[in-house]
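Chemist: Sequence order for the protein chains is W and L. Take any residue in the first sequence, count from 1 to its spot, add 8: that is its number in my numbering. Take any residue in the second sequence, count from 1 to its spot, add 1: that is its number in my numbering.
Quick caveat, the hints were computed from the structure, so don't treat them as lab data. This structure is a prediction, so every number in the text was calculated from the model and none was measured. Backbone N, C-alpha and C define an ideal beta-carbon position, used for all residues, glycine too. One thing to keep in mind: the hints can contain errors.
Examples of chain L residues toward chain W, derived with CB under 8 Å [unchecked claim]: (1) 92; (2) 444; (3) 447; (4) 451; (5) 613.
Pairwise CB distance ranges, derived in the manner of DEER restraints [stated by the list, open to error]: (6) W:316 <-> L:505: 26 to 34 Å; (7) W:423 <-> L:221: 26 to 34 Å; (8) L:221 <-> W:202: 30 to 38 Å; (9) L:583 <-> W:269: 54 to 62 Å; (10) W:37 <-> L:191: 32 to 40 Å; (11) L:577 <-> W:271: 35 to 43 Å; (12) L:568 <-> W:112: 29 to 37 Å; (13) L:466 <-> W:416: 52 to 60 Å.
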Amino acid sequence: MALINNHIIAAVATAPMAAGVAIVRISGVGAKELADKLCPSFAGISPRKMHFGKLVTQENTLDEGLLVWFAAPNSFTGEEVVEFHGHGGRAVVKAVLDAFFALGAKPAEAGEFTRRAFLNGKLDLTQAEGLADLVAASTEQQRQQALRQMGGELGNKFEQWRADIMHLVAHAEAAIDFPDEELDVLTEAGLDSKVDCILSDFTIAITNQTGQRLRDGFIMAVIGQPNSGKSTLTNLLTGRDTAIVSPIAGTTRDVVESHLDIAGYPVILADTAGLRVASDVIEIEGINRAGKKAQEADLVLLVTDAAKWPNLDPQVTKFLKGKEGVILVSKTDITPVELPKDITIDDIVYNVIGVDLTNPAALPTILELIRAKLDDTFANTTNAAQLTRQRHRQAVYDATTHLKRAQELLAACAAGGSFSADMLAQDLRDAANAIGQVTGRTDTEDVLDLVFSTFCIGK
Amino acid sequence: MAMKQIFDVIIVGAGHAGCEAAAASARLGVNTLLLTANYDTIGQMSCNPAIGGLAKGHLVKEIDALDGVMGRITDKAGLQFRMLNQSKGPAVRGPRAQCDRQLYRDAMRAEMEATPNLTIKQAMVDDIMLNANGEAETVITNTGWEFSAKSIVLTTGTFLRGLIHIGDNQHNAGRAGEQASMKLSDTLMRLEFKLGRLKTGTPPRLDTRTIDYSKFEVQAGDDTPQPFSFLTESLPQAQLPCHVTYTNPEVHRIIRENLHRAPMYAGNIEGTGPRYCPSIEDKVVRFAEKENHQIFLEPEGYDSIEVYPNGISTSLPIDVQTAIIHNIAGLENTEIIRAGYAIEYDYINPTELRHTLETKKIPNLFLAGQINGTTGYEEAAAQGLMAGLNAALKANNKPFFTLDRADAYIGVLIDDLVTRGTTEPYRMFTSRAEYRLILRADNADLRLTAKGEEIGCIGRIRSEKFKQRLNDITTARDVLASIKVNPHTEVGKAIAEASGGYKDTQDLLTILRRPQISLEMLQEWFSEINNLATHAVEQLDIESHYGGYLDRQNKEIENFRLEAELEIPVDMDYESIPGLSREVCEKLKAHTPATLATAGRISGITPAALTTLLVHIKRM
Numbered sequence: 009m010a011l012i013n014n015h016i017i018a019a020v021a022t023a024p025m026a027a028g029v030a031i032v033r034i035s036g037v038g039a040k041e042l043a044d045k046l047c048p049s050f051a052g053i054s055p056r057k058m059h060f061g062k063l064v065t066q067e068n069t070l071d072e073g074l075l076v077w078f079a080a081p082n083s084f085t086g087e088e089v090v091e092f093h094g095h096g097g098r099a100v101v102k103a104v105l106d107a108f109f110a111l112g113a114k115p116a117e118a119g120e121f122t123r124r125a126f127l128n129g130k131l132d133l134t135q136a137e138g139l140a141d142l143v144a145a146s147t148e149q150q151r152q153q154a155l156r157q158m159g160g161e162l163g164n165k166f167e168q169w170r171a172d173i174m175h176l177v178a179h180a181e182a183a184i185d186f187p188d189e190e191l192d193v194l195t196e197a198g199l200d201s202k203v204d205c206i207l208s209d210f211t212i213a214i215t216n217q218t219g220q221r222l223r224d225g226f227i228m229a230v231i232g233q234p235n236s237g238k239s240t241l242t243n244l245l246t247g248r249d250t251a252i253v254s255p256i257a258g259t260t261r262d263v264v265e266s267h268l269d270i271a272g273y274p275v276i277l278a279d280t281a282g283l284r285v286a287s288d289v290i291e292i293e294g295i296n297r298a299g300k301k302a303q304e305a306d307l308v309l310l311v312t313d314a315a316k317w318p319n320l321d322p323q324v325t326k327f328l329k330g331k332e333g334v335i336l337v338s339k340t341d342i343t344p345v346e347l348p349k350d351i352t353i354d355d356i357v358y359n360v361i362g363v364d365l366t367n368p369a370a371l372p373t374i375l376e377l378i379r380a381k382l383d384d385t386f387a388n389t390t391n392a393a394q395l396t397r398q399r400h401r402q403a404v405y406d407a408t409t410h411l412k413r414a415q416e417l418l419a420a421c422a423a424g425g426s427f428s429a430d431m432l433a434q435d436l437r438d439a440a441n442a443i444g445q446v447t448g449r450t451d452t453e454d455v456l457d458l459v460f461s462t463f464c465i466g467k
Numbered sequence: 002m003a004m005k006q007i008f009d010v011i012i013v014g015a016g017h018a019g020c021e022a023a024a025a026s027a028r029l030g031v032n033t034l035l036l037t038a039n040y041d042t043i044g045q046m047s048c049n050p051a052i053g054g055l056a057k058g059h060l061v062k063e064i065d066a067l068d069g070v071m072g073r074i075t076d077k078a079g080l081q082f083r084m085l086n087q088s089k090g091p092a093v094r095g096p097r098a099q100c101d102r103q104l105y106r107d108a109m110r111a112e113m114e115a116t117p118n119l120t121i122k123q124a125m126v127d128d129i130m131l132n133a134n135g136e137a138e139t140v141i142t143n144t145g146w147e148f149s150a151k152s153i154v155l156t157t158g159t160f161l162r163g164l165i166h167i168g169d170n171q172h173n174a175g176r177a178g179e180q181a182s183m184k185l186s187d188t189l190m191r192l193e194f195k196l197g198r199l200k201t202g203t204p205p206r207l208d209t210r211t212i213d214y215s216k217f218e219v220q221a222g223d224d225t226p227q228p229f230s231f232l233t234e235s236l237p238q239a240q241l242p243c244h245v246t247y248t249n250p251e252v253h254r255i256i257r258e259n260l261h262r263a264p265m266y267a268g269n270i271e272g273t274g275p276r277y278c279p280s281i282e283d284k285v286v287r288f289a290e291k292e293n294h295q296i297f298l299e300p301e302g303y304d305s306i307e308v309y310p311n312g313i314s315t316s317l318p319i320d321v322q323t324a325i326i327h328n329i330a331g332l333e334n335t336e337i338i339r340a341g342y343a344i345e346y347d348y349i350n351p352t353e354l355r356h357t358l359e360t361k362k363i364p365n366l367f368l369a370g371q372i373n374g375t376t377g378y379e380e381a382a383a384q385g386l387m388a389g390l391n392a393a394l395k396a397n398n399k400p401f402f403t404l405d406r407a408d409a410y411i412g413v414l415i416d417d418l419v420t421r422g423t424t425e426p427y428r429m430f431t432s433r434a435e436y437r438l439i440l441r442a443d444n445a446d447l448r449l450t451a452k453g454e455e456i457g458c459i460g461r462i463r464s465e466k467f468k469q470r471l472n473d474i475t476t477a478r479d480v481l482a483s484i485k486v487n488p489h490t491e492v493g494k495a496i497a498e499a500s501g502g503y504k505d506t507q508d509l510l511t512i513l514r515r516p517q518i519s520l521e522m523l524q525e526w527f528s529e530i531n532n533l534a535t536h537a538v539e540q541l542d543i544e545s546h547y548g549g550y551l552d553r554q555n556k557e558i559e560n561f562r563l564e565a566e567l568e569i570p571v572d573m574d575y576e577s578i579p580g581l582s583r584e585v586c587e588k589l590k591a592h593t594p595a596t597l598a599t600a601g602r603i604s605g606i607t608p609a610a611l612t613t614l615l616v617h618i619k620r621m
């Protein structure tokens, strides 16, 4: 991406298609002045007030609509911003933009408004990520999570972690820099239990993948023997002919993915090749991929032909290992069978349902089952900020490594060994810095402020 | 007609910054003049009679490693030596010495008098004149003497418009009993420096003959006192004990009742005081829940009857000071010899300086010590050393000498000052150092002496001693690396048992990295180690002790130095850099950082702004 510019940028802020209303946004020092040139009656209007006016050039009138401006730094980008809410025709938008370009504005690059907001300190990195996610959100649950992150929920969580660790740093630093002060920082402050507490918080955060799942999609793999009805199930769920269905075993050779919105959750449905002993090179590769996909999946839908019930092929069930799943017994219209409500494989309980996949009436039952699983999985996401990206996870992971070492040093000290305040402080600093990578940085001055406000220091 | 003499370098002020600056400049062989307002108080310790402590002790070691004077003088004058934090890890050990105030002063003056290339004169500087190029050149004194030089170093301490407060009594003084410098501030304002006001304080001094020592805890020095200087072989004097007592609720009640009479609370003081060296009235107010505060009773000298009660700095009126003292256990009948007081003085925000300590506005004018907003003898001496060296280097048309944050605490100190400035008296703490595990007191010479040799500030004796030390360490390293331990031998099994086992044959350097294996254990098992120089094996032991921590810090230092290599042109037009917010622009313009690393240290410069700056510099 090119460098950030400090010239005035302009772009349409609404979707680039014909619509009732389009908003053109102009940002940068002097944006208001440009707008005044096109709409003289706008001059003298105070910020944050809608003004109805016409945009005119020397040659002609471009459009009429609402103008509003925001003075720096109280705007989205932190710069002077003007918005024109005009008619949404493509030609209108183009004419308005061209007029601003003629006056010296430059077309905004993709994401440039947000980038400026970030650079001007209007958003921290997690908020900027949240904004990107919000714009990209395609389901209700994604929208809610992105909105929470943009509101600073995730950033606040990292800041809180950093503050908690900084508090520990302050204790270690006070013990080092003020040895005459009789500060019993180790026992009084209960450093070890506080480290334990943060570590368990970290472990939960790292283990809990739901935030990232909610952002990237919940993976649901359909597996089963050849010709058991996997692709029929896929087509039933997607409501279209996503997969080629034929009575020939081995029709699906690669993984076919579709994106679904189930009860507001983003779901990636992966239809896979039938699992059997194959000789065809392509089919073998397809089977390998099916296995991998099953391993990645958050939920496995195992499809099996009612004619084979109650025998389950171990070639297929091995991919259930340790996974949440549902067993769908297909073609019950052809072979009616008595089915249990659930069965247990390797200590995990799987719901069993019999379905006729060719009958759309089967859909609500299947959806209800999946939805229950989704609700279970995402039950916590609305309560606490989730790590939504690998970057967040890595930071927490790094901090965990440092805190674990700090924990060892504290344990050695408690066991009667020496108090390695130097290494303890280093590990705590490193942990705080790792967390700080996500939202901001740690400064030695911050540490001293904490020390002075916490302890009575000085001779 | 005024008499005018010409020198290469003039040092104004002969306190801890001034003496170190004068000695450094003279060491580089340039003709140096040291001007003091009072010849009798050269090297005076105005406040507590101690040198060193955490981070401050590191500074003294570093000054010594560059062949400065403070460490050697302390060793001559010390009456009690303690290594603080002995058990908390080698990097955070802080050497500290109580000193005999008189011995220190005498030794420092003798040192100055014996320094070749150095002339000392008593005169108060009233004005500084510039030459036609706008460079500092001449100092005008209150005696009629005028002196000119290629570089001038100002070390004014608390003397710039010094104002002493005791209750609502006020008088101008540089410190108790000495004349303040009232005219030089006008000069600095005329030269368009922005002056600020800081405050510091000191406790009353007590008569040892009226103190009941039976009520105190004794605080003795270390059994084997360690000298500051790498040159000192043995310490000349026997050690004296200090004593510890405490304030109590009654004392706190007296203070609270008289708070309105403290100049700070009555609003008579405009300067900002240090948070880490609060007056007793501050402590009582800010930590109201604490029932007592420690007081260290420090002897002022072998022949002195004065005692310094460290911990109760105050500017309350003298009757309140007396009441406080008389309500402390053991001090019930104690006479105050000198009153405690607060002193306000002018300083220049150190963002006016380059890393060389030369002012940005006036070429050839260098500043060091409290005039730059610092507090503490050691902080002053460290700046004095660097300002003196650079003033002399400039006089000789040689390249400047600077240290960075990964070289030394001196580097951290100066970088903090010139990039961030200060609004309260700045004191060094180990927590200010990012690379604390590397910047240790024990390796100050290994970090700095060779650098000093490059610019010629290291004397012959130290050079030879340093060479010997390097040889000893190399020998020790070779010996430890040559001893290989097979895990199947008897010793190998013992090591494996103590440290959780190992498979392949390893040398002793590697084995020493195991946290469970101590140097003492190896000395017991391998007698050949005992023939090696103690200082050398200890050095290797410390390096092994930190193991992976040092590896990591060295990697961080690499990154830091890469950033530090990215120079920002002095005339950089920040406004033209796309994407820098106005606030960031203003800050960068105000600080004019020399490198990207420095820019990153300015408060309010975001990581994003740094990236933008980085890309811009690389494109230029």
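Chemist: Each hint needs a verdict: does it hold in this structure or not?
Modeler: Comparing the hints with the structure gives:
1. 92: holds (5 Å)
2. 444: violated (14 Å)
3. 447: At 18 Å from the nearest chain W Cβ, residue 447 (chain L) fails the 8 Å test, so the hint is violated.
4. 451: Not OK, violated: residue 451 (chain L) not within 8 Å of chain W, min 25 Å.
5. 613: holds (6 Å)
6. W:316 <-> L:505: 26 to 34 Å: Since residue 316 (chain W) and residue 505 (chain L) have Cβ atoms about 56 Å apart, the given range 26 to 34 Å is violated.
7. W:423 <-> L:221: 26 to 34 Å: holds (29 Å)
8. L:221 <-> W:202: 30 to 38 Å: Hint holds: Cβ distance 35 Å, inside 30 to 38 Å.
9. L:583 <-> W:269: 54 to 62 Å: Since residue 583 (chain L) and residue 269 (chain W) have Cβ atoms about 44 Å apart, the given range 54 to 62 Å is violated.
10. W:37 <-> L:191: 32 to 40 Å: Because 37 Å falls inside the window, the suggested range holds.
11. L:577 <-> W:271: 35 to 43 Å: violated (53 Å)
12. L:568 <-> W:112: 29 to 37 Å: Holds, at about 33 Å.
13. L:466 <-> W:416: 52 to 60 Å: violated (40 Å)
Checked against the numbered hints given earlier, this structure breaks hints 2, 3, 4, 6, 9, 11 and 13; the rest are met.
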